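Keeping their order, the protein sequence lines are chains A and X.
If you read the first sequence in the numbering used here, its first letter stands for residue -7, the second for the next number, and so on.
If you read the second sequence in the numbering used here, its first letter stands for residue -5, the second for the next number, and so on.
In short, the hints are calculated from the structure, not lab data.
Watch out, some of these pointers could steer you wrong.
Label-pair restraints from in silico Cβ distances [what the hints assert, rightly or not]: (1) Arg127/A / Ile39/X: 26 to 32 Å; (2) Ile39/X / Asp34/A: 27 to 33 Å; (3) Val207/A / Arg10/X: 34 to 40 Å; (4) Thr14/X / Thr68/A: 44 to 50 Å; (5) Tyr82/X / Lys202/A: 52 to 58 Å; (6) Leu120/X / Ile120/A: 36 to 42 Å; (7) Ile39/X / Leu92/A: 54 to 60 Å; (8) Ser21/X / Ala12/A: 36 to 42 Å; (9) Ile39/X / Asp24/A: 21 to 27 Å; (10) Gly98/X / Pro220/A: 53 to 59 Å; (11) Thr79/A / Arg17/X: 29 to 35 Å.
Remember, it's a predicted structure, so these values are computed and weren't measured experimentally.
We put the CB at the ideal spot given by N, CA and C, even for glycine.
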Amino acid sequence: MANILQEIEQQIAGAKRGVAKQNVGVVREIGDGVAKIEGLTDAMLNEMIDFGNDIYGIALNLEETEVGAIILGEYTHIKEGMECRTTGRLLSVPVGMGLLGRVVNSIGMPLDGKGPVKSDTLYPVEKIAPGIIKRRSVSQPVQTGIMAVDAMIPIGRGQRELIIGDRSTGKTTIGIDTIINQARMNRAAEQAGDKSYRPLYCIYVAIGQKQSNIVRVTNVLEEHGAMPYTIVLAASAADTATNQYLAPFAGAAMGEWFMDNGMDALIIFDDLSKHAVAYRQVSLVLRRPSGREAYPGDVFYLHSRLLERAARLSEKAGNGSLTALPIIETQLGDVSAYIPTNVISITDGQIYLETDLFYQGIRPAISVGLSVSRVGSAAQVKAMKQVAGRIKGDLAQFRELAAFAQFGSDLDAKTQAQLERGKRIVEVFKQPQYNPVPIEVQVGLLWAVQNGFFDDVAVDKLKDCQAQMSDYLTSRKPELMTKILKEKALSDALVAELKAAVTEFKQTYR
Amino acid sequence: MKISKEARHIARSLYRDSLTDGRLDESKVRTIASGLTAAKPRELIAILKTYERLVRLEIERNTARVESAVALDGAMQQQITAQLQQIYRRPIAAEFGVNPELIGGVRVRVGSDVWDGSVAHRLRELGAAL
C-alpha cells in the first residue's frame, strides 16, 4: 500500500514541475487515414503526433505551412479543427523474446487474445541499416528443408532472397516450410543440449492478406509446433493502408533485436507487392507526385532501406544476423513490371516459381533456370556442395535435351541415359508442402541419385522409393546421418558407409 | 479547394512583398488585397485564400493569446508580455482572455507553441500518468 502512495506522490511531484513548451497544430483536413495539420512548426520527419484519446499519427510530409500525417488506428474519431501536438518520439514497437509465439499488429499490440505482450524494450520502426564496418559476408546456411532450394539455390544467414511468382504458385508455402524446418532444428538442438547450434527465430509479416489466410498460416505453424520460435505480424486487408505500410518495418525492428543481441532471425515479408500498393495509396492521398504505375518516386528507396536492414554482423558487432525472404506476386509471370524489377535488383537472388511447373505437378514449382542465389553458395554445407554441385547443370542440360528429344525418336544411349537421369532428378525434388527434409537425408538422397541408385526405379515409383529410403536412412542408419550432420562433409569413409547403406536398402526394396 | 502551384507561387510572392524589414506591414497588406481584387487575375479566390492564410499564420506567430481562469491585472499582463518578448526576441502583441475551464493558472499560445500552466492541463497529465 505504501508503494502505491509513494508512486502517486511521485506523479504529483512530476505534475507540479515547471511549464513545458508544447508544439501544437490544428487539423485542417482529414480523410482516408491522412490528416493535414496547420501549425506543428517543430514537427520532425516520422515523429509521432498525439491527437488525444490514444490516437497517434506519423508526420510524413513537412510542408511550408502544413504537416501531412498518417493516422495509426481509428481515424474517424479525428475531427476538423481538433488540436494535436508533437511528442518528440519516433514510432517504436515492443521487441524481445516475449513476442515469440504471439500474433501482433503493426504497432506490436497483441491480436491473439493471449494477454499483453511481455516486453520492456522498444525499437524504432524506422532505423538506419547496419553500416559496412559492422557487417561480414554470409557464411552460415539457412536450411529451408526444401531440397530444391537447399541443393540448388542455397540461402545464407543475412541474405535477402526474393521469392517471386504468380498467384497460387506456392510462394507462401516456401516461407512456411522454412519456418517449420527452423522450428524442427531449434527444438532438436534444444533437446540434444547442443550449445553450438545457433537457433534461427522467425518473423512472418502478413501484408494486405485476407484474414482467413493469416489464420490458416498461424494454424499450420501451431500444428507443426513452430509458433514458440515465431512471431506473426499481421496487417490484413481490413487494416488501414498506414498499418500495411508500417508492418514490414515493424517486423524488421523485431528481427533487428535478435540480430543486435547476437542471435539469428529470419523474416518473411508476405508480400511486398501489396506493401507497395499500400504505400502508393498513402502517397497519393498525401498528394505526393506519382511516377510509373502511379507509384511515388521513392518506392525503390522504400524497399531498399527495408531490405538493407537484413545483414550478417561481424564478431565485434555481436555476430547476429537477419535473413530476409521478401515475396513478390507477379501478374501473368511478368517479372519486368516496376515493383518486381526493383526488388529483384535489391535482393541477393531470387526463387522464381512458375505456374506451368505447378500445374505439371512439379511442386515446389521452382524454375531452376531463372532462380539464383548470389551469395548463398558460400554458406552451403560442404556435403551438400559435393552431392549437388553438378545438379543445376544436369537439370539445365536435361531441359534442353528434353525439348530437343520431342522432335526425334532415335536417340543415342548416352542422351537417353541423360534424359532418364534428368527425369529422376526432377522427381526427387518434388516435395509435399509442410514436410521439410533434414539436410543429412537430403545429402543421402542426392548422393544416391547422382550415383545412379535410382536409375533402375521406374519414374512413377520413384517417390515411393525415395520415401522408403528416407525412412530407412533415418530409422535404420541414424549414426550415419548424425555423422554427416556433424562432419558436414562427405569423406571417403563416409561415402563408403553411405554406399553400403544405400546398396543394402536397394536389396530390400521391392 | 484545390489550389494550383501557380496560385500558390503568386500568393507567396505577394506575401513577401507585404513585409517591411521582415515584419508584416498592415498598409501594404491592405493595398495588395484591394489591388488584387481590382485586377481580378485568374484564380483570384485561390490566390486570396493562400495569401490570407500566410498573413494569418504570420499574425499568429507574432501574437500571444493568453488565457487565464480569472482576469489578470495590468502588472501581470505587462510581465507576461515582457517575458514573451524576451523569449522570442521580437515584439509580441498579447491578447488576454478569460477561460474558466482552465480552473487555475495560465495558458499561452504563440503560433504553434503552447505553454500550458493551467490546473486543468496538470490534472489531465496526472490522470494520464495514473
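Item to complete: With 52 to 58 Å as the target window, see if Tyr82/X and Lys202/A comply at their CB atoms.
Response: holds (55 Å)
Worksheet item: Between Val207/A and Arg10/X, does the C-beta distance stay in 34 to 40 Å?
Response: Since Val207/A and Arg10/X have Cβ atoms about 59 Å apart, the given range 34 to 40 Å is violated.
Item to complete: Check the following: the C-beta atoms of Ile39/X and Leu92/A are separated by a distance inside 54 to 60 Å.
Response: Taking Cβ atoms as reference, Ile39/X and Leu92/A lie about 59 Å apart, which means the hint holds.
Item to complete: Given the range 21 to 27 Å, decide if the beta-carbon distance of Ile39/X to Asp24/A lies inside it.
Response: Holds, at about 26 Å.
Practice prompt. Could you check the hint for me, namely that Ile39/X and Asp34/A are 27 to 33 Å apart, CB to CB?
Written response: holds (32 Å)
Discussion item. Quick check: does the Cβ-Cβ distance between Arg127/A and Ile39/X fall within 26 to 32 Å?
Written reply: Taking Cβ atoms as reference, Arg127/A and Ile39/X lie about 57 Å apart, which means the hint is violated.
Worksheet item: When you take the CB atoms of Gly98/X and Pro220/A, is the distance between them in 53 to 59 Å?
Response: For Gly98/X and Pro220/A the Cβ distance comes to about 55 Å; the hint holds.
Discussion item. Is 44 to 50 Å respected by the C-beta to C-beta distance linking Thr14/X and Thr68/A?
Written reply: Holds, at about 46 Å.
Discussion item. 36 to 42 Å was suggested as the range; check whether the CB atoms of Leu120/X and Ile120/A agree with it.
Written reply: holds (37 Å)
Worksheet entry | Status of the given 29 to 35 Å range, CB of Arg17/X versus CB of Thr79/A | Since Thr79/A and Arg17/X have Cβ atoms about 32 Å apart, the given range 29 to 35 Å holds.
Worksheet entry | Outcome for the supplied range 36 to 42 Å, where the beta carbon pair is Ser21/X and Ala12/A | For Ala12/A against Ser21/X, whose Cβ atoms are near 39 Å apart, the range 36 to 42 Å holds.
Hint compliance for this structure: hints 1 and 3 are broken, all remaining hints hold.
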